[in-house]
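Asks: Protein sequence lines, in the order shown, are assigned to chains U and F.
Quick note: numbering that gives the first Met the number 0 has the first sequence finishing at residue 752, numbered continuously throughout.
Quick note: numbering that gives the first Met the number 0 has the second sequence finishing at residue 185, numbered continuously throughout.
In short, the hints are calculated from the structure, not lab data.
Remember, predicted model here, so these are calculated numbers, not experimental data.
Among the clues, some could well be false.
[Claimed, not checked] As a list, the in silico DSS-like pairs of lysine-lysine whose alpha-carbon atoms are at most 27 Å apart: (1) F:91 with F:81; (2) U:126 with U:103; (3) U:521 with F:81; (4) U:514 with U:382; (5) U:388 with U:507; (6) U:521 with U:719; (7) U:514 with F:81; (8) U:521 with U:509; (9) U:126 with U:719; (10) U:103 with F:69; (11) F:94 with U:719; (12) U:136 with U:126; (13) U:606 with U:126; (14) U:126 with U:509; (15) U:507 with U:126; (16) F:81 with U:103; (17) F:69 with U:388; (18) U:719 with U:507.
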Amino acid sequence: MSDPTNLAEGAPAVSVPEDVQGWLDEALEEGECVRACLLGDIRPDESFGESWTFLTDRRLFVLSPNGRPDEADVTFEMPLAEIDGGRVHEYVGASALIVTGRGKAHEVARFSLSSHHEASDLCHSLKQMIQARDEGKSLHDLVLIPPRRMAHRCSQCGRALRRSGDVCPHCIDRRQTLVRLLSYVYPYRWHALLGLGLTFGMTGLQLAPPYLQKVLLDDVILADNLPLLKVVVLMLAGVYVGQAVLSTFRSYVMQWLGNRVLFDLRVRMFSHLQMLPLSYYNRQQTGQIMSRVTGDLSRLQFFIAEGAQEILVNLVTVLLIAGILLLMKPSLFLLGLAPVPIILISTFVFGRAVHLLYHRIWRRMASVSAILTDTIPGIRVVKSFAQEKRESARFSRTSEDLFDQQLRAARLSSGFFPFLGLMTGLGSILIVSAGGYMVLTGQTQPGVLIAFMGYMWRFYMPVQSIGRINHRLQHCMTSAERVFEILDSEIEPVAHRSGLVLEPMRGKVKLENVKFGYEPGKYALDDVSLTVEPGEMIGLVGPSGAGKSTLVHLIARFYEAEEGRILIDGHNIEDLDLRSYREQIGVVLQDPYLFHGTVWSNIAYAKLEASADEIIAAARAANAHDFVAALPDGYDTVIGERGQTLSGGERQRLSIARAVLRNPRILILDEATASVDAETELSIQTALERLVENRTTFAIAHRLSTLRKANRLVVLERGKLVEMGTHEELLESGGLYSRLVQIQSDLSKIKAW
Amino acid sequence: MVTDGKDSTSAERPQNAQPPEEGLPADMVGVVEPDRVRVSEDELRRLNVTVDGQEHQDVRAVRAFPLSGKADYVSFLNEQGKEVTLLAHPSKLDKESRRVLNAALERMYYVARILQIFSIRETMGISQWEVMTDRGYAAFEVVNRERIRRLPGRRYLLADVDGNRFEIRDEAQMDERSRSLLASET
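Okay, chain U solo, but in the shape it has when bound:
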């Protein structure tokens, strides 16, 4: 931790390891205070190694350890007065901090992308300090505005997070996965106990026949006791009937329990998935998520219904049989134990090997299903390029990989189980030979030998499965972890933060120095500031990849800004109640998604309790009523999975009707007319114009003519706001916008010609 006396108030906290603090204390002059620091982790010779760059209120300098303990050299130093600027040079795998001054540029430090944020912080601070210096302000008292961003590492343990701002799986109060899993069983504990009781009863009954066989041989056959035979037969009958009855009940109770817990988990998982932010879906393959909801859950069901009980029952069986056998003939039992260590050890070793293989198989399976989710939806492209054979080949290659691994697992297990059988056989050979000798020498009755043989078989089986407990538990626990991982992913703020409710919103939107990136270090939006008055229509223009969609996604709060903030009616968007906020936002996308259902239900998706009149009014406003009325079942027509039976323009108009019904205060039109023909566009256009009135609107369009109604146009280029103004102003200024207009009017001339 840094010495607080070295910090001016408001300066970002600089914390460095203790030894570095030692070097720093030595290097600092009296009264000099550190404003920013950067760990460089690549040496000039490109090998890994550290250096520390410090920015103080007087200078910038670098400390590099020189190999001797507790010592570091100042390898670069430049007074602030001589520095002209600093920037981060971004390369593919690493970056460099370049500082210009004295007419030259100096590479001050090289660092991996892990230090990227610190580097941009340092440049940010440097910029502010240079500005203050040029304005003649005191640098010592300068309050630096620290940039705010989301961490993609846990702030407590520094471990990586799967997504920026996610919960750290190591730092949250995570009960053991097993305990957590069992907590889902807890509400049904009586059922679980009943099932357990039935299972124990069944196990007990299973242990009776070998003993009855002993009685049969020793006390009935050898003793010539006919009345006892009847008793034994009756008892055997009772045991079998009891087993059948108990097994029926047990099976039902356990299946009920497994299905019930699975049902809870499945519903919970789905509603959790609904609440996860969009950024979650950007980084996960849909196929993978779906396989967790189906595959991993059914493995858990098996564990809850069978696995957990089996483990308990096996333990009890082993102990009970051991007790019975010890009472009957201790010496013989100890002999029978001989193969047990071998069985236990080999099962354990086998379990580990097979677990590794299963892990591989699981990965390969994921690859196979990834190809499926990739190719099946893209089947039109595959066919249009006649690549069916190639895709088949790709699939078969991946499947072959899976096949190979499965064969390896098969080889392992085919060899293993016969080996186990051999070991068990060995045990019974020992018992037969020693026991046979004992019977012949009269040390014991023949019935005892028969009972022993029966019990030993029942003994080795649970021993085997006890050897596999670890592996089986692990198998289930990985599934459980994957399920809990989804349940632990942080949901959108709405669920645990009841925010400020602005109803009705006026619709004033203000962006202040907003930065956002989908990947660390790469900004899709870079320092964008913009104020939009209520009811104003803003046209967003720019080449693709300029950040237009990102901007509206931030306004719709699908993502949160990393730096800077967004104000709605003067309130920070993050303080607003997400639900209430989203309810006042309407979004029309380029490729509208219609759910499987009727036209009615698709329009009413925005407002479930909408009346027939409202629906029709919305459809009319969207120029959709006429074609809907002409459909065979009118508003009750079922439209396909993705609205296949409708044309692109018709689907778009339905999605506009949906937005109209919502009556939003802020409207987002993301390329709403991009994928339709000119005539349909006109029809959609007039529908949109009705919709836009009196609402704050953000419209993205490539066809600039679409934006003729916009009050102002905002031109973005590579994440930065480059121009802003009315159509005429921008044309006059002759910037990027006027170029785009020129190109488009040239294009339309060609078309007209």
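With chain U held as given, fit chain F onto it using these hints.
Replies: Here is chain F on its own, set in the frame of chain U:
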């Protein structure tokens, strides 16, 4: 059946129709040979490229096929990210240009090569790797399996949580244990 289809289409084809030229015209590629190009670096550490006597300042040199190496083309991009020239055969540049360009490319594609894998531990979908690279020991975390890319020739490219890159040139060159660890992870 396939041959039938072919025959019928060729029979229907009008006789005066010209078959399209083979491939796309060569000048579409627009590569520039090294004798027209000079690369230099100035005092401000900016990379400058001169094509046919015309200088473009502060450019970035990137490879067109950094991973597959299908062709040894180097693209020079200006500050707006627009290509100013696409250079073919950079190894035939003059000596000084070659030195500057190689240094710039070296810098651009900083990738540590994994020589040995000590361990890969996975918890909650995040795998933690401990490896020895040609630049020294490294420990890093991979959060998304998509960031382990398998390239032709038993080659792998990994990107860690921060975007740092690691490469396995040839899986077969590693020791048995490293290979087995890798096989479980990919």
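Asks: For each hint, tell me whether it holds in the structure or not.
Replies: How the hints compare with the structure:
1. F:91 with F:81: Holds - the C-alpha atoms of residue 81 of chain F and residue 91 of chain F are around 24 Å apart, at most 27 Å.
2. U:126 with U:103: Status holds; Cα separation ~18 Å.
3. U:521 with F:81: Holds, at roughly 18 Å.
4. U:514 with U:382: Violated, at about 41 Å.
5. U:388 with U:507: Distance of about 55 Å is beyond 27 Å: violated.
6. U:521 with U:719: holds, 13 Å
7. U:514 with F:81: Measuring from Cα to Cα gives roughly 23 Å; hence the hint holds.
8. U:521 with U:509: holds, 23 Å
9. U:126 with U:719: holds, 18 Å
10. U:103 with F:69: violated, 37 Å
11. F:94 with U:719: violated, 39 Å
12. U:136 with U:126: holds, 14 Å
13. U:606 with U:126: violated, 50 Å
14. U:126 with U:509: Given pair residue 126 of chain U, residue 509 of chain U holds - Cα atoms ~24 Å apart, limit 27 Å.
15. U:507 with U:126: The given pair, whose Cα atoms are some 31 Å apart, is violated under the 27 Å limit.
16. F:81 with U:103: Satisfied, since the Cα-Cα distance of roughly 26 Å is no more than 27 Å.
17. F:69 with U:388: Between residue 69 of chain F and residue 388 of chain U the Cα gap is close to 24 Å, so the pair holds against 27 Å.
18. U:719 with U:507: Holds, because 21 Å separates the two Cα atoms, which is no more than 27 Å.
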